Amino acid sequence: MLADTSGQADSLVKDTTTSDFRQDVIAESMRQPVLVDFWAPWCGPCKQLGPVIEKAVNAAQGKVKLVKLNIDEHPQIPGQLGIQSIPAVVAFSRGQPADGFVGALPESQVKAFIERLVGPIGPGPIAELLDSADQLAAAGDAAGAAGLYAEALAQEPDNARAIAALAKLHVELDDLEGARRFLDMVPADKANDPAIAAARAALELAEQAASLGDLAEFEQRLAANPLDHQARFDLAVALNAKGKREEAADHLLDIVRRDRNWNDDGARKQLLQFFEAWGPTDEATLAGRRRLSSLLFA
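Each residue of the sequence shown is one higher than the one before, counting from 129 in the numbering used here.
I should point out that these hints are in silico values taken from the structure, not numbers from a laboratory.
Keep in mind it's a predicted model, so treat the numbers as computed, not measured.
Every residue gets a Cβ at the ideal spot worked out from N, C-alpha and C, and that includes glycine.
Don't take each hint at face value.
FRET-style restraints, in silico, Cβ to Cβ [unchecked claim]: (1) E374 to E235: 31 to 37 Å; (2) A319 to E279: 22 to 28 Å; (3) E279 to N353: 49 to 55 Å; (4) V230 to D312: 34 to 40 Å; (5) G247 to M158: 15 to 21 Å; (6) G371 to G172: 42 to 48 Å; (7) P173 to G371: 39 to 45 Å; (8) K372 to D317: 23 to 29 Å; (9) G223 to D312: 47 to 53 Å; (10) D269 to G223: 25 to 31 Å; (11) D342 to K175: 30 to 36 Å.
Using the sequences and the hints given, assemble the complete structure.
Written as structure tokens, this is what we have:
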């Protein structure tokens with residue numbers, strides 16, 4: 129059972145005013161660093177940064193606090209600090225400004241900024257839940273993994289990692305329509321997330337393989353003519369759909385070796401889609417990239 133951290137999360141983020149700034153920021157920063165987010169309702173980048181920085185602060189689990197100041201309603205403090213552009217974030221430590229940044233940074237950079245102040249931030253409850261789900265999926269417990277991914281999604285409906293994982297599980301279970309439903313849930317701002325891209329590539333490959341039919345036809349064509357690149361290409365796609373990643377990569381690499389320009393460099397492009405679907409740390413991806421590089425740059 130996950131611990132209830134909602135009360136703690138609420139206390140880590142608050143709005144402040146000119147009159148409360150000394151207590152909320154200066155005094156509080158004597159205990160732990162306090163980030164001040166200077167924003168305004170009309171500022172589009174401020175709306176992008178807000179949820180990102182709140183998520184990062186909550187993930188730090190009390191090592192840092194976030195105070196938000198609307199500069200339209202309270203212009204005195206940002207004027208004294210020389211704030212000229214928003215969103216602007218200033219970190220206070222022991223009563224003094226210690227660091228800061230301007231602009232809507234991505235989550236990874238916001239996390240790195242906080243870690244410079246307080247040291248490494250461990251995974252939050254949802255990340256731990258997703259890690260457990262990944263372990264179950266790797267062990268072959270698709271039902272158990274799906275339950276944990278769904279639990280994470282219930283807590284954070286736009287979590288790209290959970291959506292992508294559920295889509296890939298449905299692809300592996302040959303439920304392509306179910307995979308499409310999950311990918312249709314992806315918010316527009318998460319459409320290019322690497323996990324989503326990998327799930328989408330896996331679905332496209334499964335759809336491609338479903339239209340090919342039985343492996344025997346392609347194997348027979350290759351036995352009759354080893355230079356039948358289309359048969360070798362289709363066989364690679366079909367093998368990948370059956371989880372035979374190394375064999376699939378072998379066939380595409382063979383086409384690249386024999387005729388790099390075949391089908392407008394189609395074999396290399398298909399191999400790159402395999403890598404995207406498998407993920408950057410998959411052993412088959414790492415081995416395939418090494419072999420492809422040796423072919424291209426020999």
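Right, here's what the structure says about each hint:
1. E374 to E235: 31 to 37 Å: 34 Å, holds
2. A319 to E279: 22 to 28 Å: Cβ of A319 to Cβ of E279: about 24 Å, so the range 22 to 28 Å holds.
3. E279 to N353: 49 to 55 Å: With a Cβ separation near 52 Å, E279 and N353 satisfy 49 to 55 Å, so the hint holds.
4. V230 to D312: 34 to 40 Å: Given a distance of about 36 Å, which is inside 34 to 40 Å, the answer is holds.
5. G247 to M158: 15 to 21 Å: 18 Å, holds
6. G371 to G172: 42 to 48 Å: Once the Cβ atoms are compared, 44 Å apart, the range 42 to 48 Å for G172 and G371 holds.
7. P173 to G371: 39 to 45 Å: 44 Å, holds
8. K372 to D317: 23 to 29 Å: Since the Cβ atoms of K372 and D317 sit about 36 Å apart, the hinted range of 23 to 29 Å is violated.
9. G223 to D312: 47 to 53 Å: 50 Å, holds
10. D269 to G223: 25 to 31 Å: 51 Å, violated
11. D342 to K175: 30 to 36 Å: 53 Å, violated
Checked against the numbered hints above, the structure violates hints 8, 10, 11; every other hint is satisfied.
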